[in-house]
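Given only the sequences and the hints, what does the whole structure look like? Please build it.
Residue-level listing of the chains:
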Amino acid sequence: MSVLVFIDQAEGHIKKSSFEAASYGAKTAELSGTFAEAIVIGQMKDDLSELGKYGIKKVHAISNEALNNFDSKVYTTLIQQLVESTNANTVIFSNNTSGKSIAPRLSIRMKAGLVSGAVALPDITSGFIIKKSVFSGKAFANIKIHTEKKIITLNPNAFNIIKGNGVAEIVEFTTTLPAYSIEVTETNKIVGDVPLSEADIVISGGRGLKGPENWGLVTDLAKLLGAATACSRPVADIHWRPHHEHVGQTGLAIAPNLYIAIGISGAIQHLAGVNRSKTIVVINKDPEAPFFKAADYGIVGDAFEVVPKIIESIKKMKSLS
Amino acid sequence: MLPIIEDWWLFFNYNFTIMKILVCISKTPDTTAKIAFADNNTKFASDGVQWIINPYDEWYSLVRAIELKEADPTISIHLINVGGPESEPIIRKALALGGDEAIRINCDSNDSFNVASQIANVAKQGNYDLIFTGKETIDFNGSSIGGMLAELLDLPFVSHVTKFNIETNMAVIIREIDGGEETNKAAMPLVISCQKGMAEQRIPNMKGIMGARTKPLKVLDPVDVVSLTSIVSFDLPPAKAGVKLVSPENPEELVRLLHEEAKAI
Ligand SMILES: Cc1cc2nc3c(=O)[nH]c(=O)nc-3n(C[C@H](O)[C@H](O)[C@H](O)COP(=O)(O)OP(=O)(O)OC[C@H]3O[C@@H](n4cnc5c(N)ncnc54)[C@H](O)[C@@H]3O)c2cc1C
Ligand SMILES: Nc1ncnc2c1ncn2[C@@H]1O[C@H](COP(=O)(O)O)[C@@H](O)[C@H]1O
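Those sequence lines, one after another, are chains A and B. At position 8 of the first sequence (counting the first as 1) the number is 803 in the working numbering, and the numbers step up by one without a gap. At position 149 of the second sequence (counting the first as 1) the number is 753 in the working numbering, and the numbers step up by one without a gap.
The set of hints was computed from the structure by calculation and includes no laboratory data. Please read these numbers as outputs of a predicted model, since none were measured by experiment. Positions of the beta carbon are idealized from the N, C-alpha and C atoms, including for glycine. Each hint should be verified, as a subset may be incorrect.
[Said to hold, decoys possible] Distance condition first, Cα-Cα at most 25 Å in a straight line; then the derived BS3-like pairs of lysine-lysine:
1. B:867 <-> A:1088
2. B:867 <-> A:1073
3. A:984 <-> B:789
4. A:852 <-> A:822
5. A:958 <-> A:811
6. A:1018 <-> A:1104
7. A:840 <-> A:811
8. A:1088 <-> B:844
9. A:1088 <-> B:638
10. A:1073 <-> A:811
11. A:984 <-> B:767
12. B:867 <-> A:1110
13. B:867 <-> A:1111
14. A:1111 <-> B:848
15. B:844 <-> A:933
16. A:933 <-> B:647
17. A:958 <-> A:840
[As the list claims (entries may be wrong)] These stretches of chain A come out as covered by chain B in the derived footprint (C-beta under 8 Å, 3 or more residues):
18. 916-930
19. 1053-1064
20. 1079-1091
21. 1094-1103
[To be verified] Derived Cβ-Cβ restraints for the label pairs, each shown as a range:
22. A:828 <-> B:808: 52 to 60 Å
23. B:830 <-> A:981: 41 to 49 Å
24. A:1015 <-> B:704: 50 to 58 Å
25. A:960 <-> B:652: 49 to 57 Å
26. B:652 <-> A:967: 55 to 63 Å
Put into structure tokens, the structure is as follows:
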């Protein structure tokens, strides 16, 4: 009857979103009077007993180098086997590229209702109802799962990490390796940068920056704050910035703690990808720019004058503290 | 050791059969539509809403399928939609862009399992080599249909695909992963979910629009499926308090606010 959390990893390291999923899983378990366990697939470098701090009692590890290559079919088979052997009732994923590939498959195998993009703990006062983000962050839907088994994928940055002092027990789950249906022939990580989907702070630039040669403003500020960089769609389309930086309705949807938009007008399709950010700062020279309506803080001014001053001021603040 | 390709014998077939692609098309409100709810917040208020083909389905998945057909005219593209008669205009538009024929399963459901089961039921009989879906619908943001379909059909599934090619009967795929990308190789049949990078948006031309009128659009009754989930209600997020403007002469104040008030830096 336990809750099982899928811990996603990259090159042997647990992803930040998985700590959120672990915290969420532990709380969900608490609500229904049970405990949370975790499954980790692949050869890990991190110490898995640390997951205890996030409320996980037991970690089932399948430590096999070959499994560091992702295949939704293989991962689903392994998780299903563990679900059967632990009799888990609810399975939690992060709503990221891995979670989105595995959870729907697992839902079919377990005959479990799936809610993807959850933003809050389930409400179990009458049935099992989960609030999820819909209309690209413009609204929420409360979804009831009718089946006994349940699968939830949690939106990144939607649930705060809860950290205590527990130590998780680690057990190796031994099973035969299912056949791969996909061959991973190459992996390209954008090295040195913070992945956009996981970033706490995102600095984003739009067409107002006039050209790629001016992107130093964005990247300098990002470096200073340990932030990821993003851009509006036209900026990616005219190749000022790489495609993977494009946020919005048709790009990546993000929900960082802080989103700073520089020279972006704030079209509704752009907002759809960023409106779940906790704090939004807009720097735009046009006081009528629609983005100001969605912002928490704003400066009406020329980015080329304002941003360097902000950078100086942050440097000053950092040297003082 | 990897990969183990179980269906190696299919390679022989490919040289003799025509390749068939099934493109899943969903209908969503226009990206600028006002989001509001009716009937005590239990229904999307669709009055006056302009319906479009879900952008991921139209711009990326369908256009890529059309490009593959342009390179190899023997390919045939079937469109499928699970929806009521209101879906027909968007299906006709997809035919105008370049689909060969379409199937509409007459069923209006928000349960992913139901929708995926309806599509799988048709796909099972159609012998498709490739099934394309969008990464997600921009209204319910489920990102579930592709994976569910793959499981129902027992096929490999690659999500978040940004590039797709066929090389000597193998699919060569680039997909997005957190903070990067990955190249995958897989045998067909195969299900993929498509996103930006796959292709560029197109506008249907007059010839396409005229031709679409006479292309076959078959309407099928749904199969009986028990829904696993249902929508109880909708909420709108609380309104923002309003923007706090800081003078451009004094950006230090912004930094102070972000540090002390928002505790964001
Ligand atoms: C179906 C559909 C989907 C779309 N999906 C997306 C999406 O996913 N993401 C997305 O971003 N867009 C998307 N768009 C496009 C969107 O509608 C806007 O066109 C786009 O977001 C505008 O980009 P921008 O703000 O960079 O450029 P602009 O609209 O040109 O705005 C530039 C802004 O910079 C300001 N500016 C100029 N100079 C300065 C200066 N010196 N200092 C400060 N500010 C300055 C201007 O006042 C202006 O507000 C989509 C459109 C459609 C139709
Ligand atoms: N009603 C539908 N009819 C046909 N295809 C659909 C339908 N709903 C979703 N899809 C397909 O599945 C993809 C993902 O949808 P979803 O899982 O609902 O976010 C969409 O981009 C479509 O390609």
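Status of each hint after checking the structure:
| no. | hint | result |
| --- | --- | --- |
| 1 | B:867 <-> A:1088 | holds (21 Å) |
| 2 | B:867 <-> A:1073 | holds (11 Å) |
| 3 | A:984 <-> B:789 | holds (18 Å) |
| 4 | A:852 <-> A:822 | holds (12 Å) |
| 5 | A:958 <-> A:811 | holds (13 Å) |
| 6 | A:1018 <-> A:1104 | holds (15 Å) |
| 7 | A:840 <-> A:811 | holds (15 Å) |
| 8 | A:1088 <-> B:844 | holds (8 Å) |
| 9 | A:1088 <-> B:638 | holds (15 Å) |
| 10 | A:1073 <-> A:811 | holds (17 Å) |
| 11 | A:984 <-> B:767 | holds (16 Å) |
| 12 | B:867 <-> A:1110 | holds (17 Å) |
| 13 | B:867 <-> A:1111 | holds (17 Å) |
| 14 | A:1111 <-> B:848 | holds (23 Å) |
| 15 | B:844 <-> A:933 | holds (12 Å) |
| 16 | A:933 <-> B:647 | holds (15 Å) |
| 17 | A:958 <-> A:840 | holds (20 Å) |
| 18 | 916-930 | holds (count 6) |
| 19 | 1053-1064 | holds (count 3) |
| 20 | 1079-1091 | holds (count 5) |
| 21 | 1094-1103 | holds (count 6) |
| 22 | A:828 <-> B:808: 52 to 60 Å | holds (57 Å) |
| 23 | B:830 <-> A:981: 41 to 49 Å | holds (42 Å) |
| 24 | A:1015 <-> B:704: 50 to 58 Å | holds (52 Å) |
| 25 | A:960 <-> B:652: 49 to 57 Å | holds (56 Å) |
| 26 | B:652 <-> A:967: 55 to 63 Å | holds (59 Å) |
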